[in-house]
Amino acid sequence: MGKFVQLVVDGLSTGSVYAALALAIVLVHQATGLINFAQGGMAVLSAYVAWWLTNQGLPLIVAILLAIVFSVVFGALVERWLMRRFERGDPDTAVVVTIGLLTLITGFAGWLWTYNNQQFPSLFPLDTVSFLGVSVSVRSLGTTAVIVVAMLLLQGLFVGTKLGLALRAVAINPQSAAFSGLPVGRLLMVGWGLAAALGAVAAALVAPQLTLTPGMLDNALVYALAAVILGGLTSPIGVVVAAWIIGILENLAAVYVPFIGFDLKVAVPFILIFVVLIVRPQGLFGRKTVVRV
Amino acid sequence: MTLLELEGVTASYGPVQVLDGVSLSVPEEGAVGILGANGAGKTTTLRAISGTVRAGGRITFDGKDIRGMRPDQVAALGIAHVPEGRGTLGDLTVRDNLRVGAYLRKDRKGVDQDIDYCLDLFPNLQERITSNASALSGGEQQMLAVGRAIMSKPRLMLLDEASLGLAPSTAKNVYDAIRRLRIESGIAMVVVEQNANLAFTLVDSATVLETGRNALTGTSAELRGMDEIRRAYLGG
Ligand SMILES: Nc1ncnc2c1ncn2[C@@H]1O[C@H](COP(=O)(O)OP(=O)(O)OP(=O)(O)O)[C@@H](O)[C@H]1O
Ligand SMILES: [Mg+2]
Chain A
1 MGKFVQLVVD
11 GLSTGSVYAA
21 LALAIVLVHQ
31 ATGLINFAQG
41 GMAVLSAYVA
51 WWLTNQGLPL
61 IVAILLAIVF
71 SVVFGALVER
81 WLMRRFERGD
91 PDTAVVVTIG
101 LLTLITGFAG
111 WLWTYNNQQF
121 PSLFPLDTVS
131 FLGVSVSVRS
141 LGTTAVIVVA
151 MLLLQGLFVG
161 TKLGLALRAV
171 AINPQSAAFS
181 GLPVGRLLMV
191 GWGLAAALGA
201 VAAALVAPQL
211 TLTPGMLDNA
221 LVYALAAVIL
231 GGLTSPIGVV
241 VAAWIIGILE
251 NLAAVYVPFI
261 GFDLKVAVPF
271 ILIFVVLIVR
281 PQGLFGRKTV
291 VRV
Chain B
1 MTLLELEGVT
11 ASYGPVQVLD
21 GVSLSVPEEG
31 AVGILGANGA
41 GKTTTLRAIS
51 GTVRAGGRIT
61 FDGKDIRGMR
71 PDQVAALGIA
81 HVPEGRGTLG
91 DLTVRDNLRV
101 GAYLRKDRKG
111 VDQDIDYCLD
121 LFPNLQERIT
131 SNASALSGGE
141 QQMLAVGRAI
151 MSKPRLMLLD
161 EASLGLAPST
171 AKNVYDAIRR
181 LRIESGIAMV
191 VVEQNANLAF
201 TLVDSATVLE
211 TGRNALTGTS
221 AELRGMDEIR
231 RAYLGG
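Line by line, the protein sequences give chains A and B.
Per full-length UniProt numbering, residue 1 is the first one in the first sequence, and the count goes up by one each step.
Per full-length UniProt numbering, residue 1 is the first one in the second sequence, and the count goes up by one each step.
It should be emphasised that the hints constitute simulated quantities derived from the structure, not laboratory data.
Keep in mind that a hint or two might mislead.
[Unchecked claim] Here are the simulated lysine-lysine pairs, BS3-like style, with alpha carbons at most 27 Å apart:
1) LYS162/A with LYS153/B
2) LYS106/B with LYS162/A
3) LYS64/B with LYS106/B
4) LYS162/A with LYS109/B
This structure is a prediction, so every number in the text was calculated from the model and none was measured.
Looking at chain A on its own, in the form it has when it is part of the complex (with noise of 0.2 Å):
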């Protein structure tokens, strides 16, 4: 039981982790329409930053705030640079942009600062504590606790302000919203931005765990691209809870599965995948959308 218990809060930790990338690919594509293959690649870049702050002897939290403000500049300036010159063309040609993006963050940062693996410190204790009788790690529950505190200021921010107001009206008719003055390419630049922040917390709190290296996410961002389809690309609760899912399912399959094991555990969000779009191609929680044309 015990056992069980740690499992399930250790996924539910991992899950939060790809819920945070996953959320940040459905905001760029609630805002722009394309998938943001990088976005893994971005916080990978971040957290780099923050570890490189550590090393100049500044304490971790400052280390990690700094870092996501520098995210939220290099995804403002990603999308004004680099991504607005294919947003109005051929959506294939700007997905391949965001994989070439992603290619290159990672020999950037392998050039820069090897592709060995470094310590990054964790923001919480190594410790357990009892809960409902069984000891789980402090880790697991803090990182979940800070992705669904930013989830919840994400949600705050989108439907009780001015500014969620904005980003939503561009994401559903860029052109119309600029007919009541939306400055429609700053939004963008935000939405990218605050996308990029939240990959940034996700690779700073998996970091300690993962160990540091370019491709630190490259499975994370399966994941979350695996929850972003069954949660629905529409329904940032339902990628929410996929991604958790995801998370607590491969976890305990490596372990009570036995011929899955470590090696396999890979396939176990896809196998869900291919079950649930048959049943439900809108995914779990997602609306049968009509594409705007």
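Given chain A, work out where chain B with the ligands should sit, using these hints.
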């Protein structure tokens, strides 16, 4: 005083030139119609004004050259474009659509008052205030599109076929409300309309476009009296 002035305005989509020297003059608080067959360039003329298509020639608003400005910059000057097809934001509620219209305004109280004004002008929207715009009927969406334009407190409104796809009685309701808006607010208007009878209930003068050029320009009374206008646009 002239509020909006177009002189020799040209525009093309790729290699195809669709505006070939359009002129238009809208006085302060005036309303001018643009009539013409399908494909004559009416919508493109409005797009040239609001900055959604690149244009040549001269476009001045309140004495200021606005040609080449971005759509949001044009909107910020006080020009509200109600596009063909309405452009309502489907996944937002009626109230949120109206709030988006007021995006550039800082006077919260005034915004709330203007929302009430829109609901008074278009009572149908009152009961749908929390519905998503995509759930509205075509007529209600058109009302919402006009309401969103009102919310920006414009000095000039560009209306593109506000009657399109509406039952005759609904179209008349919409135009009645817009006429009341014009009288009560003094907002100047450029009114693109296929249905010339409806247009003449609203505008003081009009121009007829033919393949991207002004074929005829006159006051509503003059144009109504002309045989060719009657045959082509007024149903006999
Ligand atoms: N986005 C576009 N790309 C290419 N050609 C276009 C585009 N929009 C309009 N056109 C062409 O430009 C010409 C003028 O179109 P416009 O929409 O201005 O006409 P209109 O007078 O508004 O017609 P309607 O009464 O049908 O709305 C037409 O020949 C049309 O085919
Ligand atoms: Mg038209």
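Here is how each hint holds up against the structure:
{"no.": "1", "hint": "LYS162/A with LYS153/B", "verdict": "18 Å, holds"}
{"no.": "2", "hint": "LYS106/B with LYS162/A", "verdict": "11 Å, holds"}
{"no.": "3", "hint": "LYS64/B with LYS106/B", "verdict": "24 Å, holds"}
{"no.": "4", "hint": "LYS162/A with LYS109/B", "verdict": "15 Å, holds"}
The structure meets every hint from the earlier list without exception.
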